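Listed in order, the protein sequences are those of chains A and B.
Each residue of the first sequence is one higher than the last, beginning at 0 in numbering that gives the first Met the number 0.
Each residue of the second sequence is one higher than the last, beginning at 0 in numbering that gives the first Met the number 0.
Hints are computed from structural coordinates only; laboratory data are not their basis.
Just to be clear, a hint being listed does not mean it is correct.
Computed cross-link-like contacts, BS3-like style, restricted to lysine-lysine with a CA-CA straight-line distance of at most 30 Å [stated by the list, open to error]:
| hint | chain 1 | residue 1 | chain 2 | residue 2 |
| --- | --- | --- | --- | --- |
| 1 | B | K412 | A | K412 |
| 2 | B | K477 | B | K458 |
| 3 | B | K273 | B | K347 |
| 4 | B | K263 | B | K197 |
| 5 | B | K66 | A | K263 |
| 6 | B | K510 | A | K67 |
| 7 | A | K170 | B | K67 |
| 8 | B | K117 | B | K170 |
| 9 | B | K450 | A | K66 |
| 10 | A | K510 | B | K412 |
| 11 | B | K170 | A | K393 |
| 12 | B | K393 | A | K394 |
Coverage of chain B stretches by chain A, computed from C-beta distances (three or more under 8 Å per stretch; other residues unrestricted) [what the hints assert, rightly or not]:
| hint | region |
| --- | --- |
| 13 | 353 to 366 |
| 14 | 382 to 392 |
Since we're looking at a predicted model, the values are computed, not measured.
Glycine residues also receive a C-beta, built at the ideal position from the N, C-alpha and C atoms.
There are 2 protein chains.
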Amino acid sequence: MRIIIIGSVAAGTSVAAKARRNNLDNEIVIYEKDKDISYSVCGLPYYIGEEYIQREDLSPRNPAWFKKRFDIDIHIEHEVLAIDVSKKELEVKNLQTGVIFYDHYDILVLATGAAPLKPNIEGLDSEHVFCLRNIISADKIKEYIKARQPVSAVIVGSGFIGMEVAENLIKTGIQVAVVEAVEQVMPSYDPEMSLRIKNELQDNQVQVFTGEKVVKINAEERTVVTDKGSVLPGDLVIISTGVKPAVGIAQQAGVELGTTGAIKVNCHMQTSIKDIYAVGDCAESYFLMDGTPCYRPMGSTANKTGRIAGDVITGGSLSFRGILGTGIVKVFNLTCGQTGYTEREAKKAGYDVEVIHNIKPNQTEYFAGSSELVIKAVADRKTEKLLGVQIIGKKGVDKRIDVFATAITFGAKAGDLAHLDLAYAPPFSTTKDPVMYTGMILDNALNRDRKIITFQEFKSNRKKFTVVDVRSNRDFEKGHIEGAINIPLGSLREKSEQLLKNQSIVVHCNKGVTGNAAQNVLINLGFTDVYNLSGGYKEYKTETTF
Amino acid sequence: MRIIIIGSVAAGTSVAAKARRNNLDNEIVIYEKDKDISYSVCGLPYYIGEEYIQREDLSPRNPAWFKKRFDIDIHIEHEVLAIDVSKKELEVKNLQTGVIFYDHYDILVLATGAAPLKPNIEGLDSEHVFCLRNIISADKIKEYIKARQPVSAVIVGSGFIGMEVAENLIKTGIQVAVVEAVEQVMPSYDPEMSLRIKNELQDNQVQVFTGEKVVKINAEERTVVTDKGSVLPGDLVIISTGVKPAVGIAQQAGVELGTTGAIKVNCHMQTSIKDIYAVGDCAESYFLMDGTPCYRPMGSTANKTGRIAGDVITGGSLSFRGILGTGIVKVFNLTCGQTGYTEREAKKAGYDVEVIHNIKPNQTEYFAGSSELVIKAVADRKTEKLLGVQIIGKKGVDKRIDVFATAITFGAKAGDLAHLDLAYAPPFSTTKDPVMYTGMILDNALNRDRKIITFQEFKSNRKKFTVVDVRSNRDFEKGHIEGAINIPLGSLREKSEQLLKNQSIVVHCNKGVTGNAAQNVLINLGFTDVYNLSGGYKEYKTETTF
Numbered sequence: 000m001r002i003i004i005i006g007s008v009a010a011g012t013s014v015a016a017k018a019r020r021n022n023l024d025n026e027i028v029i030y031e032k033d034k035d036i037s038y039s040v041c042g043l044p045y046y047i048g049e050e051y052i053q054r055e056d057l058s059p060r061n062p063a064w065f066k067k068r069f070d071i072d073i074h075i076e077h078e079v080l081a082i083d084v085s086k087k088e089l090e091v092k093n094l095q096t097g098v099i100f101y102d103h104y105d106i107l108v109l110a111t112g113a114a115p116l117k118p119n120i121e122g123l124d125s126e127h128v129f130c131l132r133n134i135i136s137a138d139k140i141k142e143y144i145k146a147r148q149p150v151s152a153v154i155v156g157s158g159f160i161g162m163e164v165a166e167n168l169i170k171t172g173i174q175v176a177v178v179e180a181v182e183q184v185m186p187s188y189d190p191e192m193s194l195r196i197k198n199e200l201q202d203n204q205v206q207v208f209t210g211e212k213v214v215k216i217n218a219e220e221r222t223v224v225t226d227k228g229s230v231l232p233g234d235l236v237i238i239s240t241g242v243k244p245a246v247g248i249a250q251q252a253g254v255e256l257g258t259t260g261a262i263k264v265n266c267h268m269q270t271s272i273k274d275i276y277a278v279g280d281c282a283e284s285y286f287l288m289d290g291t292p293c294y295r296p297m298g299s300t301a302n303k304t305g306r307i308a309g310d311v312i313t314g315g316s317l318s319f320r321g322i323l324g325t326g327i328v329k330v331f332n333l334t335c336g337q338t339g340y341t342e343r344e345a346k347k348a349g350y351d352v353e354v355i356h357n358i359k360p361n362q363t364e365y366f367a368g369s370s371e372l373v374i375k376a377v378a379d380r381k382t383e384k385l386l387g388v389q390i391i392g393k394k395g396v397d398k399r400i401d402v403f404a405t406a407i408t409f410g411a412k413a414g415d416l417a418h419l420d421l422a423y424a425p426p427f428s429t430t431k432d433p434v435m436y437t438g439m440i441l442d443n444a445l446n447r448d449r450k451i452i453t454f455q456e457f458k459s460n461r462k463k464f465t466v467v468d469v470r471s472n473r474d475f476e477k478g479h480i481e482g483a484i485n486i487p488l489g490s491l492r493e494k495s496e497q498l499l500k501n502q503s504i505v506v507h508c509n510k511g512v513t514g515n516a517a518q519n520v521l522i523n524l525g526f527t528d529v530y531n532l533s534g535g536y537k538e539y540k541t542e543t544t545f
Numbered sequence: 000m001r002i003i004i005i006g007s008v009a010a011g012t013s014v015a016a017k018a019r020r021n022n023l024d025n026e027i028v029i030y031e032k033d034k035d036i037s038y039s040v041c042g043l044p045y046y047i048g049e050e051y052i053q054r055e056d057l058s059p060r061n062p063a064w065f066k067k068r069f070d071i072d073i074h075i076e077h078e079v080l081a082i083d084v085s086k087k088e089l090e091v092k093n094l095q096t097g098v099i100f101y102d103h104y105d106i107l108v109l110a111t112g113a114a115p116l117k118p119n120i121e122g123l124d125s126e127h128v129f130c131l132r133n134i135i136s137a138d139k140i141k142e143y144i145k146a147r148q149p150v151s152a153v154i155v156g157s158g159f160i161g162m163e164v165a166e167n168l169i170k171t172g173i174q175v176a177v178v179e180a181v182e183q184v185m186p187s188y189d190p191e192m193s194l195r196i197k198n199e200l201q202d203n204q205v206q207v208f209t210g211e212k213v214v215k216i217n218a219e220e221r222t223v224v225t226d227k228g229s230v231l232p233g234d235l236v237i238i239s240t241g242v243k244p245a246v247g248i249a250q251q252a253g254v255e256l257g258t259t260g261a262i263k264v265n266c267h268m269q270t271s272i273k274d275i276y277a278v279g280d281c282a283e284s285y286f287l288m289d290g291t292p293c294y295r296p297m298g299s300t301a302n303k304t305g306r307i308a309g310d311v312i313t314g315g316s317l318s319f320r321g322i323l324g325t326g327i328v329k330v331f332n333l334t335c336g337q338t339g340y341t342e343r344e345a346k347k348a349g350y351d352v353e354v355i356h357n358i359k360p361n362q363t364e365y366f367a368g369s370s371e372l373v374i375k376a377v378a379d380r381k382t383e384k385l386l387g388v389q390i391i392g393k394k395g396v397d398k399r400i401d402v403f404a405t406a407i408t409f410g411a412k413a414g415d416l417a418h419l420d421l422a423y424a425p426p427f428s429t430t431k432d433p434v435m436y437t438g439m440i441l442d443n444a445l446n447r448d449r450k451i452i453t454f455q456e457f458k459s460n461r462k463k464f465t466v467v468d469v470r471s472n473r474d475f476e477k478g479h480i481e482g483a484i485n486i487p488l489g490s491l492r493e494k495s496e497q498l499l500k501n502q503s504i505v506v507h508c509n510k511g512v513t514g515n516a517a518q519n520v521l522i523n524l525g526f527t528d529v530y531n532l533s534g535g536y537k538e539y540k541t542e543t544t545f
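Construct the entire structure; sequences and hints are all you get.
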């Protein structure tokens with residue numbers, strides 16, 4: 000059997016390696032139109048910025064290695080021009096010699112990846128404008144920086160790559176501005192979470208322009224002009240406005256696309272055409288929580304889908320179970336992680352959601368290096384299942400995101416989290432881990448009438464609520480929500496007569512714990528509509544200041 | 000209703016706080032025979048050694064705080080002498096005044112904790128011998144160190160506390176020896192995993208004596224003598240040979256104990272006597288995997304059981320789901336984590352186990368600070384469920400242990416792990432996380448005939464096997480398993496004729512990955528009994544060198 004794979008970054012080489020591990024006899028051939036293979040796309044921003052990452056680190060394997068180790072033939076600089084589905088034949092061009100030839104496949108795997116989404120900007124073709132999409136483009140950026148020593152850079156788009164490039168350029172001493180068309184940086188996060196990322200960027204001398212669209216890149220003056228009239232110096236411009244699935248050849252062959260525009264596949268990575276598979280960034284995925292199709296190109300998913308296709312092709316039965324869209328990014332001193340749905344996505348998907356913000360130390364507070372995690376969790380009120388989590392903090396974010404991702408994978412309900420037997424010692428966590436607290440807060444809201452109100456919900460119904468600030472008088476005097484009454488928790492019981500039992504009351508403390516205690520007091524005293532402000536005064540300050 | 004709790008460390012105060020959060024009207028009273036309440040036992044080793052942990056950090060709350068915040072009456076230095084079950088009455092002694100009085104309870108909660116297991120050693124009562132069990136004892140050790148400036152210390156016992164105290168004493172400049180009666184340090188780990196801990200101790204100038212029992216502490220000469228004749232200088236001696244449940248008063252009242260010697264409770268923390276509950280270190284627990292009773296006193300479990308009892312007492316329905324015995328300890332530069340059963344425990348519990356060692360970097364290797372994780376995983380061959388995991392490494396151990404703990408909680412099978420959508424970016428992990436690789440290796444062994452053999456199994460059947468070392472000639476020449484044949488992977492296919500297809504063959508590389516590739520080649524060529532050596536040459540070296 001002759002297996003041909005188009006593309007040899009993460010997904011394509013995973014297919015090949017798995018197919019070979021399962022079976023020695025098949026011919027396995029990969030056509031790759033670029034020079035580099037099996038490289039780490041996720042490492043590219045670090046390759047640009049930090050000298051200790053060598054080119055060989057990113058792409059440690061060459062075709063000779065694959066030939067020797069796995070008897071896999073990788074032909075680089077070979078572009079597949081067309082697929083003849085009826086003949087099972089490919090038209091291939093050797094880009095070095097220009098020679099065109101035909102090759103027969105029994106099984107074809109499309110691992111054509113993604114291509115940058117190029118926005119409609121005047122001047123995009125200037126020599127100082129780059130997309131970071133592969134090693135070649137990273138090389139070009141590095142060479143440009145070395146040769147021209149740019150003083151300023153503009154990054155267009157503020158997703159993962161934009162954030163990582165911003166950090167890495169700042170570290171090389173370049174002034175950086177980030178321009179993002181929507182109203183927040185890192186649009187995959189909920190708005191109030193992304194405020195923290197924006198703040199971190201600004202704290203590290205990155206200029207941030209949100210809600211502005213770049214309309215023109217002026218090559219001569221080396222400036223970038225936005226639709227709001229901002230004119231930013233940009234000796235170097237990096238376009239990182241996302242990617243789209245590279246599906247040209249698939250479409251031409253008549254392979255069905257999904258609603259997201261990526262190639263539609265079943266759980267065995269099979270496309271609509273017999274014996275044609277699709278894996279990695281060109282294939283559509285779906286959310287594990289409910290099967291909703293999605294397009295989330297990620298290296299981790301590419302590896303997974305490649306392995307599954309390689310197995311199925313050789314008689315195995317592995318099948319894809321969907322994704323959570325789990326992602327993580329380092330932004331200077333912050334780590335930002337997310338898994339599952341954001342509040343916005345969950346609402347859009349039709350869920351009646353319970354939403355909470357949980358602000359807790361990542362480890363025992365008396366231990367050196369303790370810092371704060373802000374955890375936003377979204378659960379489905381109907382099933383009580385966790386739908387998604389976003390976490391921002393300095394340390395321990397990756398741990399909690401992975402624990403949440405694992406819990407969501409197994410259909411965890413909010414109430415399950417407090418029962419987890421997680422590892423505790425002072426250097427690593429708190430006696431009750433922040434994951435457990437998150438579950439407790441959600442469960443109390445879902446099942447014990449300890450209602451949580453987000454600042455946004457509060458804001459949009461401000462007049463309905465009496466606000467009781469249960470912090471100390473001193474804290475209250477330093478700053479408080481307009482119109483709030485100050486009744487410190489200790490005197491709440493005696494002073495509760497000031498309040499009416501059927502009033503809609505929002506209590507809050509600094510982060511939420513004392514607010515919860517106050518809520519307990521009022522509910523136990525017979526108050527009927529008491530909310531604790533999600534994330535307390537701290538979250539209020541974040542959402543009204545940054 | 001009058002709720003009385005005996006004991007106010009982690010579990011007792013959790014009961015009280017939860018009971019109050021649920022209900023404002025009950026009287027809640029705690030009797031505590033010591034002075035300190037609600038303190039972090041787990042922080043004590045760090046309090047001894049590191050100046051930046053203050054006494055207030057360990058015990059931030061006093062009875063006045065509990066009174067003000069929760070209307071809970073904590074009576075310190077009050078010892079409960081007896082329980083009269085028929086009258087629901089306690090005999091209580093005020094240790095400050097000597098006055099004895101009686102108090103009536105409607106609900107009684109035993110949170111009496113644990114007491115040090117004092118081994119039978121001559122000279123144990125000397126003034127330079129300490130147990131570290133509470134803040135008072137930590138104070139005494141600190142005072143002793145300050146006043147006498149000991150040059151040498153002997154730690155008897157090598158569990159969590161022993162390890163943490165060793166590190167903290169070394170950091171204050173004291174010479175430390177650890178003496179452990181069984182043949183390994185950290186007896187809760189499997190022997191070959193504990194070798195790495197022993198090595199780390201020795202690398203950090205801790206003398207380690209395993210398989211030696213301390214028989215005498217010589218107060219005058221300040222020496223410690225073992226049954227093997229070792230005489231160790233010990234100006235300071237710390238006994239950390241474990242704890243036993245403090246069940247004296249429970250027994251006297253006729254409360255039933257479990258097979259472990261701790262108080263038997265149901266999932267609502269109710270004892271055999273109506274209206275008496277037991278929580279924390281005095282109560283028996285059980286393994287979540289199969290319900291086997293166990294005694295694993297841990298702060299995290301104490302908090303959990305306290306919260307559950309507090310809820311049930313006030314009409315709630317929380318119930319305990321069992322533990323995994325998850326634990327973590329920092330030993331100098333290593334982190335050691337475990338969850339679920341060890342190989343030894345699983346075998347003892349009657350499981351037919353699949354065991355693998357997975358050695359992988361904790362994050363992308365080209366990224367600064369990457370280091371190696373050694374993951375040992377145990378699965379049940381019958382159900383394919385994960386039974387337990389031990390991890391040792393420098394970074395990222397806590398994350399993986401918590402992910403494994405979460406997966407085991409939800410009954411994960413080995414094959415589920417590779418499907419997890421964990422967070423990947425170069426600073427945090429590898430494209431396939433080590434957790435996923437662990438699942439793949441186990442699944443391949445369970446379902447795809449990619450058998451793994453541990454070094455111990457190999458050693459005990461050495462003559463049965465032909466050993467094929469698939470590393471390079473150069474690596475082979477540097478050192479190899481006696482009797483091994485060297486056939487580098489690249490030439491394995493052509494040279495496989497040297498081997499007989501029905502021979503029992505053990506292949507190995509350095510850590511396991513290339514060994515797996517070699518195993519695939521041989522199996523695909525028709526070899527029928529091929530094993531990959533678990534953890535490869537690296538594990539062999541560890542088990543034969545340290």
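Check your understanding: Can the restraint linking K510 of chain B and K67 of chain A be considered satisfied, given a maximum Cα separation of 30 Å?
Key -> 20 Å, holds
Review point. Regarding the pair K273 of chain B and K347 of chain B, is the alpha-carbon distance no greater than 30 Å?
Key: It is violated: about 34 Å lies between the C-alpha atoms, which goes past 30 Å.
Check your understanding: CA of K412 of chain B to CA of K412 of chain A, is that 30 Å or under?
Key -> 20 Å, holds
Review point. Hey, K477 of chain B versus K458 of chain B, does the alpha-carbon distance stay inside 30 Å?
Key: 21 Å, holds
Point to revise | Restraint check for K117 of chain B with K170 of chain B, where alpha carbons must lie at most 30 Å apart | key: 26 Å, holds
Point to revise | Given coverage of the region 382 to 392 of chain B by chain A, checked by CB-CB distance under 8 Å (3 or more) | key: violated (count 0)
**Study point:** 30 Å limit on alpha-carbon distance, applied to hinted pair K170 of chain B and K393 of chain A
**Key:** 27 Å, holds
**Study point:** Restraint status (C-alpha distance of K66 of chain B to K263 of chain A at most 30 Å)
**Key:** 62 Å, violated
Check your understanding: Within a Cα-Cα threshold of 30 Å, do K510 of chain A and K412 of chain B meet the stated pairing?
Key -> 38 Å, violated
Point to revise | Within 8 Å of chain A's CB atoms, at least three CB atoms from the region 353 to 366 of chain B: coverage verdict | key: Three-residue rule met by the region 353 to 366 of chain B, so holds; n is 4.
Review point. When you check the alpha-carbon spacing of K450 of chain B and K66 of chain A, does it fall within 30 Å?
Key: Cα-Cα ~26 Å, so holds.
Check your understanding: If you draw a straight line from the CA of K263 of chain B to the CA of K197 of chain B, is it 30 Å or shorter?
Key -> Between K263 of chain B and K197 of chain B the Cα gap is close to 36 Å, so the pair fails against 30 Å, i.e. violated.
Checked against the numbered hints above, the structure violates hints 3, 4, 5, 7, 10 and 14; every other hint is satisfied.
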